[in-house]
Amino acid sequence: MAVTSEDMSILGTRVLRSEDPRFLTTGGVYAEDVVDERLAGACHVFFVRSPIAHAKVAGIDTSEAAAAPGVLGVFTAADLADLPPIRPMLPSMNKAMTASVLATDTVRFVGEPVAIVVTEERYQGEDALELVDVDYDPLPAVVGFDAALADENLVFADAGTNTLCKFGDAGKFDEHLFGGCEVVVSRTIQNQRVAPAPMEVRSGAAVWGDDDRLTIWFSNQGAQGSRASLAGLMGLKPDQIRVITPDVGGAFGAKFGADPEYAAMAWVARRLGRPARWTETRYDNLMAMSHGRAQQQQVTIGGSRDGDIQAYRLEVVQDCGGYPRIAAFLPSMTLLMTTGTYDIARAESAATCVVTNTTPVGAYRGAGRPEATAAIERAVDLFAAEIGMDPAEVRRRNLLAPFSEPHQNGFGALYDSGDYVGALDKVLAAAGYDELRREQAQRRERGDVVQLGVGVSSYVEITGAGMEAGEPHENATVEVHPDGTATILTGTSPHGQGHATAWAMLASEKLGIDVDKITLKWGDTDLIPEGGGTGGSRSLQQGGAAVQQASEELIDLARQRAADALEANPDDLSFDVDNSGFAVAGVPDATISLAQLAEREQLLVRTVFTAPGATFPFGAHLAVVDVDTETGKVELRRMVTVDDAGFILNPLLAEGQRHGGIAQGAAQAFVEEVVYDDDGNPLTASLADYPFVSATELPSFELVDMATNTTYNPLGVKGIGEAGTIGATPAVQNAVVDALSHLGVRHVDMPTTPQRIYRALAHPEESK
Amino acid sequence: MKLELTVNGAARSDDVEPRLLLVHYLRDVLGLRAANVGCDTTSCGACTVLVDGASVKSCTMLAVQAAGRDVTTVEGLVPAGSPEGELHPVQRAFREQHGLQCGFCTPGMVMASVSLLAENPHPSEHQVREGLEGNFCRCTGYHNIVAAVLAAADALDSGGAHADPASQAVQA
Amino acid sequence: MIPAPFDYVRASSVDNALELLAGHDEDAKLLAGGHSLLPMMKVRLVMPSTLIDIGGLDELRGVTVDGDDLVIGGATPHAVVAASELVRSDAPLLAHSAGQVGDPQVRHRGTIGGSLAHADPAADLPMAVVALGATLELRGPDGARRVSADDFFTGYFETALQPGELLTAVRVPRRPGVTWGYQKFTRRANDWAVVGVAAIAGRVAMANMGAAPIRARAAEQALADGADAAAAAALAAEGTEPGSDMHADAEFRQHLARVLTRRALNGEVG
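Residue numbers (my numbering), protein chains in the order written: chain A, 470 to 1237; chain B, 8 to 179; chain C, 438 to 707.
These are calculated hints, taken from the structure and not from any lab test. Yeah, the Cβ is synthetic: ideal placement off N, Cα and C, and Gly gets one too. Careful: at least some of the hints might be erroneous.
To be verified - Pairwise CB distance ranges, derived in the manner of DEER restraints:
| hint | chain 1 | residue 1 | chain 2 | residue 2 | range |
| --- | --- | --- | --- | --- | --- |
| 1 | A | E644 | C | D682 | 28 to 36 Å |
| 2 | C | G614 | A | E862 | 50 to 58 Å |
| 3 | B | R19 | A | A1231 | 17 to 25 Å |
| 4 | A | P707 | B | D59 | 49 to 57 Å |
Stated by the list, open to error - So, partial list: chain A residues that the calculated Cβ filter (under 10 Å) puts toward chain C:
| hint | residue |
| --- | --- |
| 5 | S487 |
| 6 | R491 |
| 7 | G594 |
| 8 | T1153 |
| 9 | D1218 |
| 10 | T1222 |
| 11 | Y1227 |
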């Protein structure tokens, strides 16, 4: 029987990361940094990208570029004709909306790859790119929701429409949904397009072996899924490809699978018979790596004057960009979470996905769920303003009562456990809500130029959903070595989350081996052929649980072998974590350590942890803003958050995840947006133009602890990586509107820029 | 053309193109790959190194502009010959405060912080945030980075080992 | 993002720099800190044939007193101007403005001369020197000349600098103890100004209200006629035709000009 001293358990402690010394001294080894003898003599790949949002490609003259110094080849779609087309991922999607690695006869967004230039040295690439002459015949650009839905101009001529697919059925909406409601408020709001903008842009290196297998390094968030995607793009079998994941400089959902450029890079390596490398520019990244969010939402909310919300309807239009990527099915996640934390008698939702001549939209931290929360949280505040009730009070009256048995939300989500009122009360108390309202009242009475706004959000979100068939699961392999160290293989794919430290903690607790002696490996498909990667806040609750399970199974296996070795009955053995070994009860000298057992026979266990389902972390956020009513400038003064994700394995890491999520969520509310002009030209394609949030826009955050464990895994953990993002956005947006509500403003779209606030103040009637 | 300068205390002499950016000289010629390129517009600071003790975005400097100068990268923050595992107080503070996650912005963030503290040894939180306006991070939300810089300021104050002599980077 | 190829030569002195400028075609450019020029070269908006590096010339660096003026060498980095005791005491508006440019790394390299020669209408220093009534000292093949800041900025990224000329110094009237105000309205801290206003001694200059930094003449006239800050500021946008972009439309810019001018005239710095 394993003996663990509860007081001394490493679980729940702030273990510093083992990853850090390397990052802090010599730096991480990201895809562009990889040095490997197989990559010696690598050529450099560059992409000619469309400067126009929608056009026929009339012709490409590569002759001048091909003759430029150092150019090894210039390739177009005709050369890549052996690669299969990229069809939409679901059968319900319009099949004509097909993509290709390089644009064939039509370009559909600014930044779409049109040709490949390969050079001997990196600096020669940009010189040669300028010499490729592409002849474009412009077509009308479809930009914005109205243009897309109108179907007058089509992104895909053969599709007959710009609608890619639908979820739910607005045709089945109940026209009497709001019957009996004393108050009904309806509004169209924007959940604007943003850029994930990880600090590391897309980058990779590829080489083919004599065995006709491809070895490819690239920045991704799940080697196994990326391998499958790449195989699909190249018409290969997955086992012809070995994906090796280097250090990854952030992903945030935009580095799932494999982007077409990686297939092109691998194709070049094969065609030229030498290794090939590609690193994009930040311009390329902001134009051609998938964007996030981009939903237009019609929210309608109805209820009684005394604060009872009785009905809610959400209609979503998802802008998918020029070609279907992950966002094409994210609205299904939005609809899944339609009613969030609320108990609403009648609710319905539906979504339409459209294509436009803009960058394809993918997953971005939260991936469909922040959109659901932002919609209902805005709706609740609209309702509160209409009936003149405090928005926190409206929430308290309508939240689901605390529950510990699974609760079906009516939209297909089975919440495992939740205490939404508890989270709300905690955040209000921590923020000093009453005091804030008093300060606000004083400023309003004085007519201060700078007004105070307080915004609240209540959220629940789905983590560990698993896109694969079957129940969500993850594998882990744990091995103890004769020298007393241990190695873990995981199917997750950390890119900042600290799995090397966290998984070592889990194994250490069971095995009695120091975390410093435990090494984590991930991201190499030859080593770990199966895995779900890291995203959707799944890793700890499935991957970590698998590590813990594998460690326990290893102890069980070791026990049998120890019994043999010590010629004792397994039941008479006790495992002493402090010694990492077994002892026979009553026989002091009869001991054997795991390391010693490993000397006799390889001591390794591989296991798969299967979760009964997804888990549902929840929380409440409160934002305090100052709004300068003369200039529209917003200062975010405080962010107070409750993010309940059950048991916290390593508070240091969990806080970091919350901080990062809160920053991105807040940034969407009042700072960041991707902007296109009417012709589909991106106006925010650099980090100077894209208002990427900096340290000066943000305060330090006030995190409040709350832990409602789940029963879905032995650790009791839910996912936390995206929670901060989901709660923060509506809290900040609501705070800004709240700051101006006494001046007649009911709504300001995100981001709440000075321009938008100025207009709302100048024309409050427009916001009603 | 010939370029001569000092990098992390070692004299260097190399033949370079005039247009070679300092960041690429460090990464591709010298193999010092900690400094990263994160943008095209001198915005993100991932490439920050010290030139004569002052923080500089090495993507916006030609290698030839650094001729005769003293360049310090994060790889050289702790003097050569120090015991293995030794960290500069700023590096140590970043670790202890969990001021890094994916690590991509970290070398630039650390060097910017070293320069910030050399010029302002006792910054307020607000001054730290403004002092790092040229360094972007997507992972941490900046909270723990700010905590790390403030902690490093305290550590340097109490005479932490390898405290950089406040270099006279700014002279009227 | 790599510049197109170019030749590079280091000037040994200002005279030598002028010789080199004269000896090269008009596609040769001076390089001081490079933080206006190199970003443009990296995205290939400009492609000079030759760069003449004057960044290391001590004769172009430093702050000295010359009677009623401070004289600041053209290749003095922003960080030096911002930290200079002389500038902070005698022309604090300029010290503050230099401390607003970009971020600390940019300020360690970018120079006052480079910034002024670049003449971005949304930048800090052009607006500041116009507000201060500074004088720019230029030197070229035909000798030295002085141009007032009012006359220096001639259009969108255009100045009075003639081919072959170098901006050697900036002369700023010393005004210790004189009230000044400065307002830089941005979306994010290290952005260029959406609208900027600098005010001192009855002069009001604005950034990003036109193709070049401009004086708010109507507001200045009102001040001279005895109006208070609020009344004068109400006229700040008179005669202006600011552009519209994704940050602000023209109407909002004009509104900001009025608000920020009032605040600057009240001596507020922000």
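**Report entry** Hint numbers not upheld by this structure, sorted from lowest to highest
**Finding:** 1, 3, 5, 6 and 9
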